[in-house]
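Working from the sequences, and respecting the hints, build out all of it.
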Amino acid sequence: MSMLTFEGQQFAGAKNIVEKLAGLPFQRVVHKVSTCDAQPGGPQQSILVTVTGQLLIDEETQPQFFSQTFHLYPEANSFFVYNDVFRLVLGM
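Per our numbering, the very first residue in the sequence shown carries number 1; after that it's consecutive.
Possibly wrong hints are sitting among the right ones.
Simulated pairs of lysine to any residue, SDA-like, Cα-Cα distance not exceeding 25 angstroms [unchecked claim]:
#1 Lys32 <-> Phe70
#2 Lys32 <-> Glu60
#3 Lys20 <-> Phe66
#4 Lys15 <-> Ala76
#5 Lys15 <-> Arg28
#6 Lys32 <-> Leu48
#7 Lys32 <-> Met1
#8 Lys32 <-> His71
#9 Lys15 <-> Thr5
#10 Lys15 <-> Phe86
#11 Lys15 <-> Glu60
#12 Lys32 <-> Gln68
#13 Lys20 <-> Gln44
#14 Lys32 <-> Val89
#15 Lys15 <-> Met1
#16 Lys15 <-> Val81
#17 Lys15 <-> Ser46
#18 Lys32 <-> Thr5
#19 Lys15 <-> Phe70
#20 Lys32 <-> Gly91
#21 Lys32 <-> Ile47
#22 Lys15 <-> Thr50
#23 Lys32 <-> Leu56
#24 Lys20 <-> Arg87
#25 Lys15 <-> Pro74
#26 Lys32 <-> Asn83
#27 Lys32 <-> Asn77
#28 Lys20 <-> Phe70
#29 Lys15 <-> Gln68
#30 Lys15 <-> Ser34
#31 Lys32 <-> Ala76
#32 Lys20 <-> His31
Don't read these hints as lab results, they were simulated from the structure.
Everything numeric in this text was worked out from a predicted model, so none of it was measured.
If you want it as structure tokens, here you go:
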């Protein structure tokens, strides 16, 4: 079962994850990726990815820094997000 941890709150299963993401209080987010690192995630040929960067939300002019780690699992000829951990980096 897929899981999202967003700012310390956990959401399990696709339905709960979609509800959380759809309910976020903004309309537009622009990502500026600073780093992206990936490595093999284990014997199931999964991939572990960590991304850091900045977000511009709606009409904000000051970016917010973020860190996101997700675990991709193979499925047919593609991948799906098995785990996703997202955190704003506050105080920078």
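Status of each hint after checking the structure:
For a cut-off of 25 angstroms, the pair hint linking lysine 32 to phenylalanine 70 stands: about 17 angstroms separates their Cα positions. Between lysine 32 and glutamate 60 the CA atoms are separated by roughly 14 angstroms; this keeps the pair inside 25 angstroms, and the hint holds. Of the pairs offered as hints, the one joining lysine 20 and phenylalanine 66 holds, with about 18 angstroms between alpha carbons and a cut-off of 25 angstroms not exceeded. Between lysine 15 and alanine 76 the CA atoms are separated by roughly 21 angstroms; this keeps the pair inside 25 angstroms, and the hint holds.
A hinted pair counts as satisfied when its Cα atoms are at most 25 angstroms apart, and lysine 15 with arginine 28 qualifies at roughly 22 angstroms. Between lysine 32 and leucine 48 the CA atoms are separated by roughly 20 angstroms; this keeps the pair inside 25 angstroms, and the hint holds. Taking the CA atoms of lysine 32 and methionine 1, the gap is about 29 angstroms. The hint is violated against a cut of 25 angstroms. For the hint linking lysine 32 to histidine 71, the alpha-carbon distance of about 20 angstroms falls within 25 angstroms, and the restraint holds.
With a C-alpha separation of about 14 angstroms, the suggested pair lysine 15 and threonine 5 falls inside the 25 angstroms cut-off, and the hint holds. For the hint linking lysine 15 to phenylalanine 86, the alpha-carbon distance of about 18 angstroms falls within 25 angstroms, and the restraint holds. For the suggested pair lysine 15 and glutamate 60, the alpha carbons sit about 29 angstroms apart, so the restraint of at most 25 angstroms is broken. Distance check on the hinted pair: lysine 32 and glutamine 68 sit about 13 angstroms apart at the alpha-carbon level, within 25 angstroms; holds.
Restraint check for lysine 20 and glutamine 44: not satisfied, since their Cα atoms lie roughly 28 angstroms apart, outside the 25 angstroms limit. With a CA separation close to 14 angstroms, the supplied pair lysine 32 and valine 89 stays within the 25 angstroms bound. For the proposed pair lysine 15 and methionine 1, the alpha carbon gap of about 11 angstroms is at most 25 angstroms, so the pair holds. Among the hinted pairs, lysine 15 with valine 81 is consistent with the structure: their alpha-carbon atoms are about 14 angstroms apart, no more than 25 angstroms.
Restraint check for lysine 15 and serine 46: satisfied, since their Cα atoms lie roughly 22 angstroms apart, inside the 25 angstroms limit. Annotation: proposed proximity of lysine 32 to threonine 5 holds, straight-line Cα distance about 21 angstroms (limit 25 angstroms). Simply put, lysine 15 and phenylalanine 70 have alpha-carbon atoms about 18 angstroms apart, close enough for the 25 angstroms limit, and the pair holds. Under the criterion of a C-alpha separation no larger than 25 angstroms, the hint pairing lysine 32 with glycine 91 is consistent with the structure, at around 18 angstroms.
Taken as a hint, the lysine 32 and isoleucine 47 pair is honoured in the structure, with Cα atoms around 22 angstroms apart against an allowance of 25 angstroms. Between lysine 15 and threonine 50 the alpha-carbon distance is near 24 angstroms, which keeps this suggested pair within the 25 angstroms criterion. Restraint check for lysine 32 and leucine 56: the C-alpha separation of about 8 angstroms stays at or below 25 angstroms, so the hint holds. The suggested pairing of lysine 20 with arginine 87 holds, with an alpha-carbon distance near 15 angstroms, which does not exceed 25 angstroms.
Restraint check for lysine 15 and proline 74: the C-alpha separation of about 20 angstroms stays at or below 25 angstroms, so the hint holds. With a C-alpha separation of about 22 angstroms, the suggested pairing of lysine 32 with asparagine 83 holds against the 25 angstroms cut-off. Using a Cα cut-off of 25 angstroms, the hinted pair lysine 32 and asparagine 77 is violated, with the two alpha carbons roughly 28 angstroms apart. Of the pairs offered as hints, the one joining lysine 20 and phenylalanine 70 holds, with about 17 angstroms between alpha carbons and a cut-off of 25 angstroms not exceeded.
This hinted pair checks out: lysine 15 and glutamine 68 have alpha carbons roughly 20 angstroms apart, not beyond 25 angstroms. At roughly 30 angstroms between alpha-carbon atoms, lysine 15 and serine 34 are farther apart than 25 angstroms, so this suggested pair is violated. Taking the CA atoms of lysine 32 and alanine 76, the gap is near 30 angstroms; set against the 25 angstroms cutoff, the hint is violated. Distance hint between lysine 20 and histidine 31 is fulfilled; the C-alpha atoms sit about 19 angstroms from each other, no more than 25 angstroms.
Hints 7, 11, 13, 27, 30, 31 from the list above are not met by this structure, while the remaining hints are.
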